[in-house]
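Protein chains: 2
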Amino acid sequence: MRQVWVDGKPSQQIPVDDRGLLLADGAFETFLVREGTVMYVDEHRERLARSLGVLQFSTPQQFAQGMIAESAALIAAVGTTGSARLTVTRGSGPRGYSPPVDAVPRSLLSFDPLFTPNSAPLTLGWSTVKWPDQPLLSGAKLLARTENILAALDARQQQVDDVVMCTQDDRVCSVARGNLFLRVADTLLTPDLSTAGIAGTRRALILNRFAKVAGYHVTTASVARAQLLAADEIFVCNALWGVRPVARIGQQQWSDFAASRALAPLLDPEAAVTW
Amino acid sequence: MRQVWVDGKPSQQIPVDDRGLLLADGAFETFLVREGTVMYVDEHRERLARSLGVLQFSTPQQFAQGMIAESAALIAAVGTTGSARLTVTRGSGPRGYSPPVDAVPRSLLSFDPLFTPNSAPLTLGWSTVKWPDQPLLSGAKLLARTENILAALDARQQQVDDVVMCTQDDRVCSVARGNLFLRVADTLLTPDLSTAGIAGTRRALILNRFAKVAGYHVTTASVARAQLLAADEIFVCNALWGVRPVARIGQQQWSDFAASRALAPLLDPEAAVTW
Numbered sequence: 002m003r004q005v006w007v008d009g010k011p012s013q014q015i016p017v018d019d020r021g022l023l024l025a026d027g028a029f030e031t032f033l034v035r036e037g038t039v040m041y042v043d044e045h046r047e048r049l050a051r052s053l054g055v056l057q058f059s060t061p062q063q064f065a066q067g068m069i070a071e072s073a074a075l076i077a078a079v080g081t082t083g084s085a086r087l088t089v090t091r092g093s094g095p096r097g098y099s100p101p102v103d104a105v106p107r108s109l110l111s112f113d114p115l116f117t118p119n120s121a122p123l124t125l126g127w128s129t130v131k132w133p134d135q136p137l138l139s140g141a142k143l144l145a146r147t148e149n150i151l152a153a154l155d156a157r158q159q160q161v162d163d164v165v166m167c168t169q170d171d172r173v174c175s176v177a178r179g180n181l182f183l184r185v186a187d188t189l190l191t192p193d194l195s196t197a198g199i200a201g202t203r204r205a206l207i208l209n210r211f212a213k214v215a216g217y218h219v220t221t222a223s224v225a226r227a228q229l230l231a232a233d234e235i236f237v238c239n240a241l242w243g244v245r246p247v248a249r250i251g252q253q254q255w256s257d258f259a260a261s262r263a264l265a266p267l268l269d270p271e272a273a274v275t276w
Numbered sequence: 002m003r004q005v006w007v008d009g010k011p012s013q014q015i016p017v018d019d020r021g022l023l024l025a026d027g028a029f030e031t032f033l034v035r036e037g038t039v040m041y042v043d044e045h046r047e048r049l050a051r052s053l054g055v056l057q058f059s060t061p062q063q064f065a066q067g068m069i070a071e072s073a074a075l076i077a078a079v080g081t082t083g084s085a086r087l088t089v090t091r092g093s094g095p096r097g098y099s100p101p102v103d104a105v106p107r108s109l110l111s112f113d114p115l116f117t118p119n120s121a122p123l124t125l126g127w128s129t130v131k132w133p134d135q136p137l138l139s140g141a142k143l144l145a146r147t148e149n150i151l152a153a154l155d156a157r158q159q160q161v162d163d164v165v166m167c168t169q170d171d172r173v174c175s176v177a178r179g180n181l182f183l184r185v186a187d188t189l190l191t192p193d194l195s196t197a198g199i200a201g202t203r204r205a206l207i208l209n210r211f212a213k214v215a216g217y218h219v220t221t222a223s224v225a226r227a228q229l230l231a232a233d234e235i236f237v238c239n240a241l242w243g244v245r246p247v248a249r250i251g252q253q254q255w256s257d258f259a260a261s262r263a264l265a266p267l268l269d270p271e272a273a274v275t276w
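As they're listed, the protein sequences go chains A and B. If you want our numbering, it's the 1-based position in the first sequence plus 1. If you want our numbering, it's the 1-based position in the second sequence plus 1.
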């Protein structure tokens with residue numbers, strides 16, 4: 002059963018004047034939890050600090066550090082395996098866009114026991130929803146997630162697991178629920194996120210650490226639709242899925258999951274890999 | 002003192018699994034209330050329906066109609082003058098971007114007694130925050146308001162009343178808190194909102210009704226920064242301010258407020274106009 006804490010105390014409600022609710026004034030992180038341990042806590046702390054910095058919270062590093070540490074402690078006390086989400090809002094405020102000068106950020110942590118995560122290869126469609134072109138916010142994981150919601154509806158309508166989302170100028174950016182990697186021979190490419198998208202913690206780990214360990218060159222790139230379809234292998238990554246290969250986009254199919262097989266256990270030794 | 006209702010009942014709290022809070026999955030309207038009457042209720046209902054339609058709520062027209070009617074009734078029972086905000090979220094849901102198939106939207110209505118609204122001419126700066134380029138969502142008034150928040154912080158830092166926000170390709174779009182109109186001789190222009198911005202109810206009223214009554218031609222246009230500064234008059238409109246002229250942007254000053262003077266009492270006969 003889900004457990005929820007608001008500012009570290011069990012609660013099922015938040016105040017109606019919360020700026021996260023009224024204006025999407027906040028950010029969040031989704032954690033994979035293994036037996037009470039938040040996986041990759043440093044990467045989550047760093048990205049949360051970046052997101053809060055984009056929103057000009059007064060001391061983003063301190064807020065991120067304090068709230069991630071508190072979350073890790075609450076989750077450790079539960080002690081089981083599951084998924085968790087930490088939401089940080091600007092807290093309560095009066096009417097209007099302008100945040101209070103003395104805003105007191107609010108944390109909302111929820112923990113869900115994880116059912117056997119489905120790691121089966123993905124069937125993707127192409128989303129009709131494009132990312133906004135917004136370099137100022139790109140990479141951050143903010144509460145404002147309208148495009149992801151609409152893309153998820155798009156995936157439901159197309160009866161696929163997820164959809165490829167492009168930028169306004171029609172470059173491949175991500176799927177609704179994670180980042181994309183392409184393998185071409187021994188090189189991994191992931192879309193450049195300078196104008197749109199969320200910079201995933203697993204994306205960063207593959208770029209900075211695990212691609213090399215698995216024996217691949219890795220780089221960020223501008224990726225055209227045709228280039229995606231011409232890749233030798235495609236996989237998606239996020240905190241809960243880890244690495245999950247793509248089996249099909251439209252009529253195009255893939256069955257060589259070499260990079261996915263190499264990376265999945267590096268990211269998550271407990272990952273249930275069936276391919 | 003502020004009064005708040007959740008789904009029509011007095012409340013100060015909402016559930017922690019509300020998708021408006023977690024993913025900005027919702028929209029809102031801000032009402033001017035005169036002695037218990039929501040001003041321009043038809044325009045607000047129409048825009049709310051459009052916003053909920055953009056979010057693919059199942060029956061946006063019905064939700065908007067029902068929630069606006071309920072809000073108007075609650076506000077009528079209070080019977081005083083003030084401002085109100087109706088927030089409509091997708092309601093509660095499980096983890097993830099995908100809305101529940103049977104989502105039950107939630108309404109959150111707050112009413113604040115209005116202090117004497119400041120209608121003094123505005124001093125504006127130029128925002129460093131640009132609107133995202135996103136034709137799909139343009140015009141709607143969604144909960145995802147990150148750019149408006151950052152622009153409001155920008156205005157605070159520049160010590161101005163508000164800031165002019167441009168599009169990614171540097172065309173004038175709006176201010177953080179409302180829409181912009183330029184007057185050039187007998188013609189009013191307001192920026193085209195095909196790629197960014199919120200289509201204000203007062204903007205629509207001026208375009209469709211009041212400009213003509215006041216004796217002006219009116220049109221939407223692509224507006225360059227230099228064109229804004231070269232205008233004979235500039236004014237801002239929103240639900241609470243009505244029409245408010247611009248006295249200064251940087252070193253440029255204006256003192257001819259003819260169109261503002263003609264339009265302000267048409268939009269709001271009770272408007273406190275001192276210029």
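Derived by calculation from the structure, the hints in this document are not laboratory data. What you are looking at is a predicted structure, and each value in this text was computed from that prediction instead of being measured. A virtual CB, placed ideally from N, CA and C, is assigned to each residue, including glycine. Mixed in with the good hints, there may be bad ones.
What follows is a set of in silico ranges between Cβ atoms, one per label pair, in the way DEER data are often shown [what the hints assert, rightly or not]:
id : chain 1 : residue 1 : chain 2 : residue 2 : range
1  : B       : V105      : A       : T82       : 20 to 26 angstroms
2  : B       : Q254      : A       : P95       : 29 to 35 angstroms
3  : A       : P16       : B       : R226      : 37 to 43 angstroms
4  : B       : V105      : A       : A231      : 40 to 46 angstroms
5  : A       : R3        : B       : A121      : 32 to 38 angstroms
6  : A       : Q63       : B       : A77       : 25 to 31 angstroms
7  : A       : P16       : B       : V274      : 48 to 54 angstroms
8  : B       : D8        : A       : P114      : 48 to 54 angstroms
9  : B       : S12       : A       : P266      : 47 to 53 angstroms
10 : B       : P11       : A       : D43       : 43 to 49 angstroms
Do the hints match the structure? See the list:
Separated by about 31 angstroms at the C-beta atoms, V105 (chain B) and T82 (chain A) break the suggested range of 20 to 26 angstroms. One distance hint, 29 to 35 angstroms for the beta-carbon pair Q254 (chain B) and P95 (chain A), holds here, with the actual separation near 31 angstroms. Our hint of 37 to 43 angstroms for P16 (chain A) and R226 (chain B) holds, since their Cβ atoms are close to 40 angstroms apart. A beta carbon spacing of about 45 angstroms between V105 (chain B) and A231 (chain A) agrees with the range 40 to 46 angstroms that was offered as a hint.
Separation of R3 (chain A) from A121 (chain B) is about 50 angstroms and departs from the stated range, judged on CB atoms against 32 to 38 angstroms. The hinted window of 25 to 31 angstroms between Q63 (chain A) and A77 (chain B) is violated, with their beta carbons roughly 47 angstroms apart. Roughly 37 angstroms separates the CB atoms of P16 (chain A) and V274 (chain B), a value that falls outside the hinted 48 to 54 angstroms. Distance hint for D8 (chain B) and P114 (chain A): a CB-CB separation of about 30 angstroms, inconsistent with the stated range 48 to 54 angstroms.
Between S12 (chain B) and P266 (chain A), the C-beta spacing of about 48 angstroms keeps the proposed range 47 to 53 angstroms intact. Here the CB-CB span from P11 (chain B) to D43 (chain A) is close to 45 angstroms, well matched to the stated 43 to 49 angstroms.
Violation of the numbered hints given earlier is confined to hints 1, 5, 6, 7 and 8; the remaining hints are satisfied by the structure.
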